[in-house]
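Here is what each chain is made of, one letter per residue.
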Amino acid sequence: MKGQEIVAARNINLEVKDGELFVLLGPSGCGKTTLLRIIAGLVEPDEGEVLIDGKVMNGVYPSDRNVAMVFQNYALYPHMSVYDNIALNMRVRRIPREEVDRRVREVADTLRITELLNHRPKELSGGQAQRVALARAMVRNPRVYLMDEPLSNLDAKLRVEMRAELKRLHRMVDAPIIYVTHDQVEAMTLGDRIAVMDKGVIQQIGSPIELYENPKNTFVASFLGTPPMNIVSAEELVGVDGLKALSPPGSLSGLSVGFRPGDVAIGDGPLSFDVEVEYAELLGDEVLIHAKRGSTRLVIRAASHTYAGQTSLRVRLDPAKLYWFNTEGEAIRQG
Amino acid sequence: MSRISPRRVALLALTVSVQLILALIYIIPFYWMVIKSFRFTIFANFPPNLLPTLQTVGNYVYVWHFSAFPHWYLNSTLIALSVTAASVFIGSLSGYAFARLRFRGRDILFYTVLATLMIPFPVVIIAEYILMVNLGWVNTYQAVIVPSTASAVNVFLMRQYFTTIPQEVEDAAKIDGLRPHQIFFRVAAPLAKPAYAASAIYTFIGAWNSFLWPLLVLHSVKMFTLPLAINFFKGANGSQIYWNQMTAAEVLTMIPTIVIYVVFEKYFVKGIALSGSKG
Chain W
9 MKGQEIVAAR
19 NINLEVKDGE
29 LFVLLGPSGC
39 GKTTLLRIIA
49 GLVEPDEGEV
59 LIDGKVMNGV
69 YPSDRNVAMV
79 FQNYALYPHM
89 SVYDNIALNM
99 RVRRIPREEV
109 DRRVREVADT
119 LRITELLNHR
129 PKELSGGQAQ
139 RVALARAMVR
149 NPRVYLMDEP
159 LSNLDAKLRV
169 EMRAELKRLH
179 RMVDAPIIYV
189 THDQVEAMTL
199 GDRIAVMDKG
209 VIQQIGSPIE
219 LYENPKNTFV
229 ASFLGTPPMN
239 IVSAEELVGV
249 DGLKALSPPG
259 SLSGLSVGFR
269 PGDVAIGDGP
279 LSFDVEVEYA
289 ELLGDEVLIH
299 AKRGSTRLVI
309 RAASHTYAGQ
319 TSLRVRLDPA
329 KLYWFNTEGE
339 AIRQG
Chain U
6 MSRISPRRVA
16 LLALTVSVQL
26 ILALIYIIPF
36 YWMVIKSFRF
46 TIFANFPPNL
56 LPTLQTVGNY
66 VYVWHFSAFP
76 HWYLNSTLIA
86 LSVTAASVFI
96 GSLSGYAFAR
106 LRFRGRDILF
116 YTVLATLMIP
126 FPVVIIAEYI
136 LMVNLGWVNT
146 YQAVIVPSTA
156 SAVNVFLMRQ
166 YFTTIPQEVE
176 DAAKIDGLRP
186 HQIFFRVAAP
196 LAKPAYAASA
206 IYTFIGAWNS
216 FLWPLLVLHS
226 VKMFTLPLAI
236 NFFKGANGSQ
246 IYWNQMTAAE
256 VLTMIPTIVI
266 YVVFEKYFVK
276 GIALSGSKG
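As given, the protein sequences belong to chains W and U, one line each in that order. Residue numbering for the first sequence follows this note's numbering, beginning at 9 and increasing consecutively. Residue numbering for the second sequence follows this note's numbering, beginning at 6 and increasing consecutively.
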């Protein structure tokens, strides 16, 4: 890629508070890891400043920033025991041996890895390795924790367990945690605040519920929530009874209407229209119906008993739960 | 089980015979050298007598006690160990720089280093000799050691290995407070042990067997290495070769390389696998 500059993150301006778990959420390649590496000092930004406690950190060596980082692939030192992995930082700083030992054992106890201290990283399972990586970060008592997709290499069950573990640890430490993930469930469940990033730009910052209820644009709207929000061109819905009354003033052309899969009901009434069913996924007491309206695909979440396998359905929107977006994809107002 | 077809049997037989012939071509001179070193007669007859006879160990005693053989052994050991240590150390430092550091012209420089592999040694031998003369190094140990310390092969081998160490591990080390030189010595180098072993073995054997360059720059008999010294078991003008003594000297010369090969065989294979890996 010679001769071509790639800007990974631009015009980022954010402030993280003490004790906060701040999530950088976005699809892969959106610049969130680069941003984290800039904060850590592993990459120097072309422009702009990184401040920790009001002090400019640009040009300061990573370890002198007093940040700790947990990596996606754990990044443990393969040739050292778990004990040495955790102790390395303190040894480099020439902390007395008794003190190192006390702190390693203390943090190992907190993370329940005491029995692993003499093992080598290759003998650990993914979950254990991630605990060791967390221990290595915690033992330093850093000013900021940086976590780069720490759970993405774990299987689904372990991920849920470790999420709970992270919540517990978060309550124990005062330092802010900046947490990078592409998994919106992780972001919603862990984050005090979330910054949604796309193509190197922060799209919106807010609490999980704020982002979920008031997305600033179609990207945020469709990134949060499983399944994601349906976004339909208003032109596809021309003629739907009652829609015009709810729409922003002016022509419908170029506008999009958003609604969450759960805010659509099966049945006739105001704001109803027909869809063709492509397939349905039964999830127990609810069903996800994948349907088509014109050229647009929709997902409808309904109670299992309300759907009997029809190939076409009439569905009804909830007028209080419509989102309107303009041609640029920005939210206009909530319906 | 299906029966093996006659065609396959024939093919197998052919393959095995070719391999056997090739193996014999390599083994027979070696075998002859070993048995000859235990014989009284100095002559080498043709066709050679390949009967395994142990007549005397006197040739070994003579070689060891009545020539400067122990001294030459020491020369060879000193030179080969120095070349190995320096070349592997320098190769690993520059290999690491090419693998990990970002600097202007890095790739061009790396490919230039690699390109030196394409230049046959005889092409530079005169220039290098003149350099030794001007430095006043002719007939010194450093004349044999110093030019061999920069090895493009080792640079390449080490670079290939260092690129396989995950960047994240080094990032973690930076955050843990290790400075770049500490990252090299405490993290990268310990993880590159197999590459160190492979390049050390290659370099040692290469330096131990080296003949042409030492022949040019080492003039006094006291400075000789073993491959040069073997030449001594010839009469004046090469009129008479003392085959039994010469083969004894050869066997003694070969022992270290054989031991190294047997002990570190797995690193040999790994070394070849490494140098063949993509960069």
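The hints are simulated quantities; they were obtained by calculation from the structure and are not laboratory data. Hints should not be assumed to be uniformly reliable.
The calculated lysine-lysine pairs, modelled on BS3-like cross-linking and capped at a C-alpha distance of 27 Å, are [said to hold, decoys possible]:
hint : chain 1 : residue 1 : chain 2 : residue 2
1    : W       : K252      : W       : K207
2    : W       : K25       : W       : K175
3    : W       : K175      : W       : K165
4    : W       : K329      : W       : K224
5    : W       : K252      : W       : K175
6    : W       : K63       : U       : K271
7    : W       : K63       : W       : K25
8    : W       : K165      : W       : K25
9    : W       : K130      : U       : K198
10   : U       : K227      : W       : K130
11   : U       : K179      : W       : K25
12   : U       : K239      : W       : K130
Fill in: Hints violated by the structure (numbers, ascending)
1, 5, 6, 8, 10 and 12
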